[in-house]
Amino acid sequence: MSVLVALTILAPLFCAAAGIALRTRSRLRDGVTLFGLLAAAGSAIALLVLVADDRTHVVRVGGWNAELGIVLVADLFATLVLPVALTIIVVVEIFAIGQRRTAWGANPELTGPLLCVLTAGVSLAFLTGDLFTLFVAFEMILVSSYVLLTHQGQRGQIRSGMTYVVMNLLASTLFLFGLAIVYASTGTVNIAIATERIAELPDGIRLGIGAWFLVVFGTKAAIFPLFSWLPDSYPTAPTTITAVFAGLLTKIGIYAIIRFHTLTGMEELGPIILILAAVTMIIGAFGALAQTDVKRILSFHIISQIGYMLMGLGLFTEAGTAAAILFLVHHMPVKTVLFLVGGLIENDQGTSALDRTGGLAARRPLIAVFFAIPALSLAGLPPFSGFVAKFAVISAGIAEASTVIVTAALVAGALTLLSMTKIWVGVFWGERPDAVSGTSHDDAPGNRTTMVTAAGLAVTGTLAISLFAGTIFDLSQRAAQDLRNPAGYIAEVQS
Amino acid sequence: MSISLLAIIGGLTSTGLYLITARSLSRIILGFSLLGHAAVVALLASGGTPGEAPIAGKDAGISNPVPQALGLTAIVISFGLTLFLLALAGRQQTLAGDDLVEDDLEDRRIASGESVGARQ
Numbered sequence: 007m008s009v010l011v012a013l014t015i016l017a018p019l020f021c022a023a024a025g026i027a028l029r030t031r032s033r034l035r036d037g038v039t040l041f042g043l044l045a046a047a048g049s050a051i052a053l054l055v056l057v058a059d060d061r062t063h064v065v066r067v068g069g070w071n072a073e074l075g076i077v078l079v080a081d082l083f084a085t086l087v088l089p090v091a092l093t094i095i096v097v098v099e100i101f102a103i104g105q106r107r108t109a110w111g112a113n114p115e116l117t118g119p120l121l122c123v124l125t126a127g128v129s130l131a132f133l134t135g136d137l138f139t140l141f142v143a144f145e146m147i148l149v150s151s152y153v154l155l156t157h158q159g160q161r162g163q164i165r166s167g168m169t170y171v172v173m174n175l176l177a178s179t180l181f182l183f184g185l186a187i188v189y190a191s192t193g194t195v196n197i198a199i200a201t202e203r204i205a206e207l208p209d210g211i212r213l214g215i216g217a218w219f220l221v222v223f224g225t226k227a228a229i230f231p232l233f234s235w236l237p238d239s240y241p242t243a244p245t246t247i248t249a250v251f252a253g254l255l256t257k258i259g260i261y262a263i264i265r266f267h268t269l270t271g272m273e274e275l276g277p278i279i280l281i282l283a284a285v286t287m288i289i290g291a292f293g294a295l296a297q298t299d300v301k302r303i304l305s306f307h308i309i310s311q312i313g314y315m316l317m318g319l320g321l322f323t324e325a326g327t328a329a330a331i332l333f334l335v336h337h338m339p340v341k342t343v344l345f346l347v348g349g350l351i352e353n354d355q356g357t358s359a360l361d362r363t364g365g366l367a368a369r370r371p372l373i374a375v376f377f378a379i380p381a382l383s384l385a386g387l388p389p390f391s392g393f394v395a396k397f398a399v400i401s402a403g404i405a406e407a408s409t410v411i412v413t414a415a416l417v418a419g420a421l422t423l424l425s426m427t428k429i430w431v432g433v434f435w436g437e438r439p440d441a442v443s444g445t446s447h448d449d450a451p452g453n454r455t456t457m458v459t460a461a462g463l464a465v466t467g468t469l470a471i472s473l474f475a476g477t478i479f480d481l482s483q484r485a486a487q488d489l490r491n492p493a494g495y496i497a498e499v500q501s
Numbered sequence: 287m288s289i290s291l292l293a294i295i296g297g298l299t300s301t302g303l304y305l306i307t308a309r310s311l312s313r314i315i316l317g318f319s320l321l322g323h324a325a326v327v328a329l330l331a332s333g334g335t336p337g338e339a340p341i342a343g344k345d346a347g348i349s350n351p352v353p354q355a356l357g358l359t360a361i362v363i364s365f366g367l368t369l370f371l372l373a374l375a376g377r378q379q380t381l382a383g384d385d386l387v388e389d390d391l392e393d394r395r396i397a398s399g400e401s402v403g404a405r406q
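Sequence lines, in order, name chains A and B. With our numbering applied, the first sequence corresponds to residues 7 to 501, in that order. With our numbering applied, the second sequence corresponds to residues 287 to 406, in that order.
Just chain A, with the same shape it has in the complex:
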């Protein structure tokens, strides 16, 4: 089992090195990249099966004890989210291989290896058992994302890259200060041991730590009022890169908040988190309505959806935490598919601006279907996975009689549907405006097949999540129970 845990991190790292060494030989490089990502995803799925059956598995790197060394903890929460995240990266890499010969593709020599580094960082962030390794994992993810965002060196990318890098760098610096605070007050950076000792601290210091890390992880997760960097920077990157960012980066911030704040039991912060969640949902949904570009609308939706996960967490009940985890699992693939479809639209129409596209439903019905399924799912209509996730979050809210937040969630859901309709009307209905004497960028049919296949795979994945929603919800509930009763987690890590 330890081998599987190690593989999810090391396989992509080695393949990143190999990919850089083989950068001029495109076939071999793509093969190595895909192999590394598949190995990681395969190990993650195997881990989920083993951990769901048996129990938490702890790897002590180098045999050091938990207080001094690095521990990797494969508990149910981590292993439930990890396979979804890694599978998404595999699908996106397949899409990227198809897209790269078109005008919208990213530079393949860099993206393959960097995507591998990002994957290793994602695995590490999910599996790590101490805060400092979480910091290192965030840096691995962010450094590769900085380069992925700006590597084409176009003016818009450099402009938005500056905002993105500065905001995230500030959050990372605050993270370091937070680590100093935790180490000074508890004498450890191990999450399990810190959980035990934080509970004994005076309320002021305990809640101070909670609030500090809410700001740190909240910046990465783009919650209100720390979201401004997201809709600015995401749309400028090549689609495949935006798809990975949209599916994963903010979700890792939310994952960290759920893990840290639930384990340490920061229930007094609940009301503040709920207010932030409500404002995040509403602002994101209104922001999306105002936009006129497919990628920008979708970027604002990310913010709005982050609010739902935050709401589940802020309730600080078992049902709420379980709903937040289910929402996380549902949201990652759905968001990625929407951005991939955005890439298909851009590829076909030459732009993703709503006023310069149109009539795609008649010309490419398959793309319309691929858009409709995740879009309805995101808006929370049955029978798709979004309905199950939203239903879980909202019923957890009703159980706590939090009327305001439930109303906010329902309003945001309606607004999401409205902005999806806006995309549908703009892109799929009507005629393509004549002003665009565009030749579509569809130069090689082979590439398009790869892209459509990858998008199709991803859509199937989201449908599978709605099909197995019962099983996934059971697992989320078990994961939530583990998080709400940290004694078991602490015992596993320290034993």
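Possibly wrong hints are sitting among the right ones.
Covered stretches of chain B (in silico footprint by chain A; criterion: 3 or more residues with CB under 8 angstroms from a CB of chain A, positions within the stretch not fixed) [said to hold, decoys possible]:
1. 338–348
2. 355–362
Partial selection, computed: residues in chain B whose CB lies under 7 angstroms from chain A [stated by the list, open to error]:
3. 309
4. 314
5. 318
6. 321
7. 370
8. 378
9. 381
10. 387
11. 388
12. 396
Non-contacting residues of chain A with respect to chain B, defined by C-beta distances greater than 10 angstroms in every case (computed) [stated by the list, open to error]:
13. 172
14. 213
15. 372
16. 456
17. 492
No lab work stands behind these hints: they were computed from the structure. Since we're looking at a predicted model, the values are computed, not measured. Positions of the beta carbon are idealized from the N, C-alpha and C atoms, including for glycine.
Guided by the hints, dock chain B onto chain A, whose structure is given.
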């Protein structure tokens, strides 16, 4: 924690925060260098009372080595990021002739209610 360390952390943090509010990326880079130093000093201070160099075999009277290890890792990461920011500033210099952080143009356009077709 000694008062001199506190003063150093406070001084570096406030100067750093002031610098990163600037528009020019070169000032922001300087600000982040100072903030990074402040964070590392804070990590060192969190290790408790200072002592002899922590060498294996010595038991009593040594400094706590764990925050030093954490600090070293943080220093390496901030080195790399400073270089990346410098490269970004360099690229902006080539493209725009300065290294100022610009506004989100699309946002400005939507806020001003300008018609969509007017773009480009």
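Okay, the hints, checked on the actual structure:
1. 338–348: violated (count 0)
2. 355–362: holds (count 3)
3. 309: For residue 309/B, the interface hint is violated, since the closest Cβ of chain A sits about 10 angstroms away, which is over 7 angstroms.
4. 314: holds (6 angstroms)
5. 318: holds (6 angstroms)
6. 321: holds (5 angstroms)
7. 370: holds (6 angstroms)
8. 378: holds (5 angstroms)
9. 381: holds (5 angstroms)
10. 387: holds (5 angstroms)
11. 388: Check passed: Cβ of residue 388/B comes within 5 angstroms of chain A, closer than 7 angstroms.
12. 396: holds (6 angstroms)
13. 172: Given a closest Cβ separation of 6 angstroms, the condition is violated.
14. 213: It holds; residue 213/A is separated from chain B by about 19 angstroms at its closest Cβ, greater than 10 angstroms.
15. 372: Residue 372/A clear of chain B: closest Cβ-Cβ about 28 angstroms, beyond 10 angstroms.
16. 456: Holds: least Cβ distance 30 angstroms, greater than 10 angstroms.
17. 492: holds (23 angstroms)
Checked against the numbered hints given earlier, the structure breaks hints 1, 3, 13 and satisfies all the rest.
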